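*Asks:* Just so you know, the sequences run in chain order A and B. Numbering of the first sequence is given in the numbering used here, commencing with residue 1 and proceeding in unit increments. Numbering of the second sequence is given in the numbering used here, commencing with residue 1 and proceeding in unit increments.
Treat each hint with caution, since some may be false.
[What the hints assert, rightly or not] When the alpha-carbon atoms are kept at most 25 Å apart in a straight line, the in silico DMTMM-like pairs for lysine to aspartate or glutamate are as follows: (1) Lys-369(B) / Asp-158(B); (2) Lys-101(B) / Asp-72(A); (3) Lys-334(B) / Glu-449(B); (4) Lys-157(B) / Glu-438(B); (5) Lys-463(B) / Glu-200(A); (6) Lys-69(A) / Asp-204(B); (7) Lys-261(B) / Asp-204(B); (8) Lys-254(B) / Asp-210(B); (9) Lys-159(A) / Glu-449(B); (10) Lys-69(A) / Asp-210(B).
It is worth saying that the hints were derived from the structure and are not from the lab. Only a predicted model underlies this, so the values are computations on that prediction, with no experimental measurement involved.
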Amino acid sequence: MKTGKTNVVSKYNRWGYIFLIPFFVVFLIFQLIPLVNTIYNSFFENYMSGLRRVGPNFVGFQNYSALFKGGDLLQYFGNTMIMWIMGFVPQILLALLLGAWFANPSLRLKGQRFFKTVIYLPNLIMASAFAMLFFTLFADGGPINNMLIQAGMIAQPIKFMSNVWTVRSLVAFMNFLIWFGNTTILLLAGMLGIPADLYEAAEVDGASPTTIFFKITLPLLKPIFIYVIITSLIGGLQMFDVPQILTNGSGDPMRSSMTLIMYLNKHLYSKNYGMAGALSVLLLIITGILSLIVFKFTAKKEAK
Amino acid sequence: MRKQMKSLLGLSLTAAMALGLVACGSGSSSKSNGTSNSAKNSKEGNVLNIEVWNDEFINRVTDHYPGYKKINATKGKIGDVTVNWIVTPSQDNAYQNNLDKVLPKNADASADKKVDIFLVEADYALKYTDADANVAMKLSDLGIKKSDLADQYKYTKDVVTDANGDIRGASWQACSAGLIYNRDAAKEVLGTDDPAKVQESVKDWASYNDTAAKMKAAGYKITSSDIDTYRVYSNNVSAPWVKNGKVTIDPNIKAWVDDSKKLVDAGETGTADLWSDDWAKGFYPGGASFVNNKGADNQANLTGEKVFGYFGPAWLINFSMHADDPASLAAQGKWGFVNGPQGFYWGGTWICAANGTDNKKLVKDVILKMTTDKDILTAIAKKDSDCVNSKTVLKTLASDKSFGNKILGGQNPYQMLADGAEKIDMSKISIYDQGCNEEFQKAMKNYFEGNATYDDAIKLFNKAVVEKYPDLKAE
Numbered sequence: 001m002k003t004g005k006t007n008v009v010s011k012y013n014r015w016g017y018i019f020l021i022p023f024f025v026v027f028l029i030f031q032l033i034p035l036v037n038t039i040y041n042s043f044f045e046n047y048m049s050g051l052r053r054v055g056p057n058f059v060g061f062q063n064y065s066a067l068f069k070g071g072d073l074l075q076y077f078g079n080t081m082i083m084w085i086m087g088f089v090p091q092i093l094l095a096l097l098l099g100a101w102f103a104n105p106s107l108r109l110k111g112q113r114f115f116k117t118v119i120y121l122p123n124l125i126m127a128s129a130f131a132m133l134f135f136t137l138f139a140d141g142g143p144i145n146n147m148l149i150q151a152g153m154i155a156q157p158i159k160f161m162s163n164v165w166t167v168r169s170l171v172a173f174m175n176f177l178i179w180f181g182n183t184t185i186l187l188l189a190g191m192l193g194i195p196a197d198l199y200e201a202a203e204v205d206g207a208s209p210t211t212i213f214f215k216i217t218l219p220l221l222k223p224i225f226i227y228v229i230i231t232s233l234i235g236g237l238q239m240f241d242v243p244q245i246l247t248n249g250s251g252d253p254m255r256s257s258m259t260l261i262m263y264l265n266k267h268l269y270s271k272n273y274g275m276a277g278a279l280s281v282l283l284l285i286i287t288g289i290l291s292l293i294v295f296k297f298t299a300k301k302e303a304k
Numbered sequence: 001m002r003k004q005m006k007s008l009l010g011l012s013l014t015a016a017m018a019l020g021l022v023a024c025g026s027g028s029s030s031k032s033n034g035t036s037n038s039a040k041n042s043k044e045g046n047v048l049n050i051e052v053w054n055d056e057f058i059n060r061v062t063d064h065y066p067g068y069k070k071i072n073a074t075k076g077k078i079g080d081v082t083v084n085w086i087v088t089p090s091q092d093n094a095y096q097n098n099l100d101k102v103l104p105k106n107a108d109a110s111a112d113k114k115v116d117i118f119l120v121e122a123d124y125a126l127k128y129t130d131a132d133a134n135v136a137m138k139l140s141d142l143g144i145k146k147s148d149l150a151d152q153y154k155y156t157k158d159v160v161t162d163a164n165g166d167i168r169g170a171s172w173q174a175c176s177a178g179l180i181y182n183r184d185a186a187k188e189v190l191g192t193d194d195p196a197k198v199q200e201s202v203k204d205w206a207s208y209n210d211t212a213a214k215m216k217a218a219g220y221k222i223t224s225s226d227i228d229t230y231r232v233y234s235n236n237v238s239a240p241w242v243k244n245g246k247v248t249i250d251p252n253i254k255a256w257v258d259d260s261k262k263l264v265d266a267g268e269t270g271t272a273d274l275w276s277d278d279w280a281k282g283f284y285p286g287g288a289s290f291v292n293n294k295g296a297d298n299q300a301n302l303t304g305e306k307v308f309g310y311f312g313p314a315w316l317i318n319f320s321m322h323a324d325d326p327a328s329l330a331a332q333g334k335w336g337f338v339n340g341p342q343g344f345y346w347g348g349t350w351i352c353a354a355n356g357t358d359n360k361k362l363v364k365d366v367i368l369k370m371t372t373d374k375d376i377l378t379a380i381a382k383k384d385s386d387c388v389n390s391k392t393v394l395k396t397l398a399s400d401k402s403f404g405n406k407i408l409g410g411q412n413p414y415q416m417l418a419d420g421a422e423k424i425d426m427s428k429i430s431i432y433d434q435g436c437n438e439e440f441q442k443a444m445k446n447y448f449e450g451n452a453t454y455d456d457a458i459k460l461f462n463k464a465v466v467e468k469y470p471d472l473k474a475e
């Protein structure tokens with residue numbers, strides 16, 4: 001009797017596994033195999049010089065030591081993080097503010113749908129098109145310089161692309177513009193998930209809107225918040241298209257806006273699977289560590 | 001009943017998945033049904049595949065190759081043979097990446113997929129005409145003799161000659177170049193716009209730099225960017241970029257750095273990238289206001305940048321100086337042409353026969369007709385304004401009074417172009433030239449703009465070269 005019942009259950013459970021097969025097959029072919037392959041490739045010297053292929057020769061950790069030699073990698077990591085933070089901080093602040101406004105029923109905002117659509121729109125433009133647009137706008141003789149000169153604010157055109165901080169600011173600003181709408185929608189969804197009776201109770205107790213925001217909204221928003229930070233961090237580490245197009249792949253001036261993935265892209269010219277593989281593996285490790293830190297740091301208080 | 005339905009559904013789902021995978025697996029192998037190569041050898045193939053990066057050669061063949069019938073933009077017919085143009089833009093190295101993929105395996109491709117002709121540019125020609133790579137056929141194997149090419153300029157043959165002295169390509173263009181100068185500026189500053197006298201003030205780099213200072217005083221930059229003069233210096237080096245696997249900086253390249261740094265610091269030239277809007281500002285009269293540029297295109301010169309000259313060949317004059325825009329200097333015929341401080345060339349397209357082609361006879365005929373047939377070359381010069389690769393044709397054109405160039409205010413530049421082409425020496429090229437030249441210009445921009453010292457810029461250059469060519473050493 002008993003064995004018969006478990007038999008039925010386990011037979012029924014089998015369907016669960018069968019329905020999981022499509023995912024695992026796709027995952028295996030498009031994710032796991034390339035991942036393992038990348039790690040494998042990172043231990044080989046394997047590139048093209050002209051039409052001649054060099055390798056593959058097993059070289060152990062030589063690719064990794066070549067990456068760390070000279071400290072360039074640290075510089076590119078620093079560039080990436082600086083430009084990410086410069087874009088992310090204003091982005092999360094504005095998103096929180098907009099989210100709080102949209103989620104607050106007592107404000108009775110008109111045209112919410114319209115504004116939600118508008119702030120999301122920049123995300124629909126291809127990042128490379130966006131960067132191309134900015135490249136043209138901020139060229140030495142571009143519209144921005146023309147306008148500033150015509151308005152008499154400057155006498156000589158500003159060379160936006162030849163200064164470390166203007167280039168970095170432009171990259172950060174573009175990332176901010178592209179992503180703040182998306183973040184707003186995510187945070188808004190989180191805020192709308194907070195039960196309304198909590199707000200009502202707080203209001204009855206005489207809490208000010210600021211107190212409500214910091215004592216109720218923010219703590220209850222934490223899971224969504226962690227999600228936003230981690231996804232944005234991973235996206236930030238993979239920053240590529242905007243600075244690549246804006247600086248024409250050079251990361252100028254003096255590679256001060258070269259990100260890790262742009263550096264990875266440099267190895268594609270010679271189809272250098274070894275170096276590119278090693279860099280990818282490092283990137284995987286860095287992403288993992290950073291995500292863990294963020295997760296540990298923000299999840300700690302919740303456990304208490 | 002319900003249970004059966006469920007298992008049936010599950011079964012069909014898994015079956016669908018499995019089927020999809022099987023279909024994927026077999027897709028690639030089922031295509032090799034072409035007839036075997038040995039059987040085809042005696043007969044010519046039915047399809048002529050030509051790899052190009054833009055429509056330039058397509059137009060030349062359409063207009064000038066006898067018997068070519070156009071079907072659409074990328075298809076045509078020569079007799080019974082279908083001509084298939086495969087266009088891959090050269091941006092981001094896409095054209096070369098494509099060649100790298102298909103050419104080494106060309107002999108094993110199915111008959112209709114074989115590449116028969118591919119085009120190359122001078123900057124990377126050696127990569128494909130290399131004897132070891134052996135992806136471009138020796139012209140002698142096609143039955144083209146050296147005497148067939150006797151009328152072509154030597155440098156155009158040097159560019160596609162491998163280490164053993166075999167020629168593996170041919171060009172219909174000889175892109176010798178010089179200084180294209182603004183006639184108004186010449187009159188204003190030098191007191192004359194006569195080419196012979198203007199040449200005197202730019203005859204070597206010392207007088208060129210003196211002229212730059214005079215131009216600056218009158219509000220002109222001598223060139224739009226430091227990059228303008230790069231090719232003039234780099235075509236006159238004493239040794240190739242790479243020797244025994246080591247990157248070395250030639251004295252003439254160093255001279256470009258030193259001269260350009262002085263010019264940039266003095267405000268006598270700029271640092272815009274080639275082809276950027278900022279670079280092209282000088283194509284328009286300077287100081288124009290919004291009002292009188294109404295209707296002109298958006299690159300009109302609003303910031304009042306005035307430029308004395310651009311270094312370039314005939315195609316730059318004819319196609320790139322915005323002659324179709326009535327507001328431009330080119331449309332008003334206000335440019336002149338002189339040889340400038342040193343001889344150089346810029347651009348040009350070479351035709352190579354892909355190893356493994358199954359249309360040898362046709363390929364031979366295309367190369368011979370398009371690069372050596374004097375009637376066709378004359379027609380190309382007349383219709384498309386190419387500076388063609390034939391000493392006799394250029395000589396005829398130079399003495400032809402009707403051949404004045406409107407953009408150059410009626411000046412006939414062919415004698416100068418022909419003289420320039422004789423002087424070019426391209427024996428100092430290496431397969432690494434394209435990457436080295438690009439990275440050197442990029443790195444030096446940092447030095448010119450004051451973002452780095454010369455030594456730091458050189459370090460950046462070395463780093464970038466080794467990234468592109470991991471087998472090189474650079475210190």
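*Asks:* Decide, hint by hint, whether the structure agrees.
*Replies:* For each hint, the structure was consulted:
no., hint, result
1, Lys-369(B) / Asp-158(B), "20 Å, holds"
2, Lys-101(B) / Asp-72(A), "31 Å, violated"
3, Lys-334(B) / Glu-449(B), "31 Å, violated"
4, Lys-157(B) / Glu-438(B), "23 Å, holds"
5, Lys-463(B) / Glu-200(A), "63 Å, violated"
6, Lys-69(A) / Asp-204(B), "44 Å, violated"
7, Lys-261(B) / Asp-204(B), "18 Å, holds"
8, Lys-254(B) / Asp-210(B), "19 Å, holds"
9, Lys-159(A) / Glu-449(B), "10 Å, holds"
10, Lys-69(A) / Asp-210(B), "45 Å, violated"
The structure shown violates the earlier hints numbered 2, 3, 5, 6, 10.
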